[in-house]
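S.K.: Next come the chains, spelled out residue by residue.
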Amino acid sequence: MSALSPSLTHELIQAVYFIAALLFIVGLKRMSSPKGARGGIVWAGLGMLIAGLITFLWPGMRNDILILVAIFIGGVAAWWSGKRVSMTAMPQMVALYNGMGGGAAAAIAGQELVRGQPIASAPAVLAVTGAIIGAVSFSGSLIAFAKLQGLIGKSLRYGAQQAVNSVLLLATLALGGWIVALHGAGPLWMVSAFFALALAAGILITLPIGGADMPVVISLYNACTGLAVAFEGFVLANAAMIIAGMVVGAAGTLLTQLMAKAMNRSLANVLFSNFGESALQGTEVAGTLKPIDTADAAVMLAYAQKVLVVPGYGMAVAQAQHKIWELCQLLIERGVTVRFAIHPVAGRMPGHMNVLLAEAGVPYDLIGDLEEINGEFETADVALIIGANDVVNPVARTDKSSPIYGMPILNADRAKNVIVIKRGKGAGFSGIENALFYLDNTRMLYGDAQKAGAELIQAVKALD
Amino acid sequence: MTGIVALYIFMLAAFTGYEVISRVPVILHTPLMSGSNFVHGIVLVGAMVALGAAQTPLEKTIGFIGVLLAAGNVVGGYVSTERMLEMFKSSQDKRKGGRA
Chain A
1 MSALSPSLTH
11 ELIQAVYFIA
21 ALLFIVGLKR
31 MSSPKGARGG
41 IVWAGLGMLI
51 AGLITFLWPG
61 MRNDILILVA
71 IFIGGVAAWW
81 SGKRVSMTAM
91 PQMVALYNGM
101 GGGAAAAIAG
111 QELVRGQPIA
121 SAPAVLAVTG
131 AIIGAVSFSG
141 SLIAFAKLQG
151 LIGKSLRYGA
161 QQAVNSVLLL
171 ATLALGGWIV
181 ALHGAGPLWM
191 VSAFFALALA
201 AGILITLPIG
211 GADMPVVISL
221 YNACTGLAVA
231 FEGFVLANAA
241 MIIAGMVVGA
251 AGTLLTQLMA
261 KAMNRSLANV
271 LFSNFGESAL
281 QGTEVAGTLK
291 PIDTADAAVM
301 LAYAQKVLVV
311 PGYGMAVAQA
321 QHKIWELCQL
331 LIERGVTVRF
341 AIHPVAGRMP
351 GHMNVLLAEA
361 GVPYDLIGDL
371 EEINGEFETA
381 DVALIIGAND
391 VVNPVARTDK
401 SSPIYGMPIL
411 NADRAKNVIV
421 IKRGKGAGFS
431 GIENALFYLD
441 NTRMLYGDAQ
451 KAGAELIQAV
461 KALD
Chain B
1001 MTGIVALYIF
1011 MLAAFTGYEV
1021 ISRVPVILHT
1031 PLMSGSNFVH
1041 GIVLVGAMVA
1051 LGAAQTPLEK
1061 TIGFIGVLLA
1071 AGNVVGGYVS
1081 TERMLEMFKS
1091 SQDKRKGGRA
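Taken in sequence, the protein lines are chains A and B.
When you number the first sequence by this note's numbering, it's gap-free, plus one each residue, and the end is 464.
When you number the second sequence by this note's numbering, it's gap-free, plus one each residue, and the end is 1100.
Worth flagging that the hints you see were computed from the coordinates, not collected in a lab.
Note that beta-carbon positions come from the ideal geometry of N, C-alpha and C, so glycine has one too.
Listed next, with one range per pair, are the computed distances between beta-carbon atoms: (1) B:1011 x A:269: 26 to 34 angstroms; (2) B:1003 x A:189: 27 to 35 angstroms; (3) A:118 x B:1022: 36 to 44 angstroms; (4) A:372 x B:1060: 48 to 56 angstroms; (5) A:183 x B:1057: 18 to 26 angstroms; (6) B:1007 x A:183: 19 to 27 angstroms; (7) A:150 x B:1012: 41 to 49 angstroms; (8) A:177 x B:1056: 20 to 28 angstroms.
Output of the computed footprint for chain A on chain B, the stretches with three or more beta carbons under 8 angstroms from beta carbons of chain A: (9) 1006-1012; (10) 1022-1036; (11) 1048-1054; (12) 1059-1065; (13) 1073-1084.
Full structure from sequences and hints, please.
M.R.: Below you can see the structure in the form of structure tokens.
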């Protein structure tokens, strides 16, 4: 296929892979600071492009047409869905694309294992390990996608769940060990059963995990896919795959820890406890919910010195970020100090809320994260809670029996007044009643965040 | 590539990944997860090599699925990351404009 001698081609490909790996690392580094973030993805994309193109020169490549067709179908489908989906649905799309990567890693291993050629023990171990991780990441990510997309409503939970999952994983590992013992040349039924078990394990592990924990799980599967890619990279002696996969594996693990920490849950807790179930019994909260009408709420906001806005998932689903920002701009024009307080796990992923606010055009410096802004609630006249619930629930500070006890929260209850925009009277994602809503200085403004925002804008304008 | 060299690569790459992320602000967590999701799309290269070596129909089928999924990972990862980061640019530009 190439005019160059095979050894020279090999050198060229390795050199390009090296540059690609470098570009990935530089890209990721840039993506971790707000200034260079946009350039970062372009750098990484460039690395991907050259690595993909040079691979066509791989000595002895066959099936060029098949490869092109597969890239075309997969690429166009992903392009179409990625461009079309709304910003609020991004978390599940990340889960979907990540699952595809895991599936691809598993497919590489699968192809290696069905060939029936003996492999040395180190690559065989890594091929099998990568296959398990990749397959679990694939089916698990699809379940995560289905859950966040609302395709699967209830979390499946039954008595001996942990035992069943353990047995399933052990059986997968045992079959994998057997395949390694046969030098990666096991019979077809064995390889098929191995993959079927691994895929089933991914499904059954993910099904009982509640929707609130999904971001952590997606991040974990992201790290898993990276690891699987690195392992399969070793099998194929591909340095670019090893480096990129391992970097993502490590980065993803750290990111997962950061997320779990923000929710005050350990990773084991997320994976193996049935969060939400025990919470349903809930504690009775004293007091009543006190509604407020739009006009009163508008007066309260317009004549405040300082308003802190706490957006939550409710704002995201209502697509209300633009209306809320418009309202805040009106308040700023009136001389009110407005800032946004973002809980690390507000929305469905850390930083998800910042992305949505950025989409609406909220300047950077008006947005504060938990540690930075939490002291400011005491001096705020109004805390405006928009579709957030658990992240402002004071029982996390006070009630040791609550499942969210110890989770860092935004101290909205310390503001002089609290206005809560909320669709209905239901409990939060964790199923816990929110004591904040029953406080004396809290007023409830019922309604969809988008509509409530529009009405507040009218009411504030009408004040002049 | 010998096993021990690969082991060195594993180790150094792991530290690199850890270091790169360790000082990231919360606001970039989701874009960064999406970006790292894109980076492990490099699995495409391996899937291409695997399909390129496939001989039997079964191998070709598995290889085809592999390349298709990997291409979805690459393109989807890029598009979603780009869309998220695009918003940060517009907000910064607006801020500059607002202060002028």
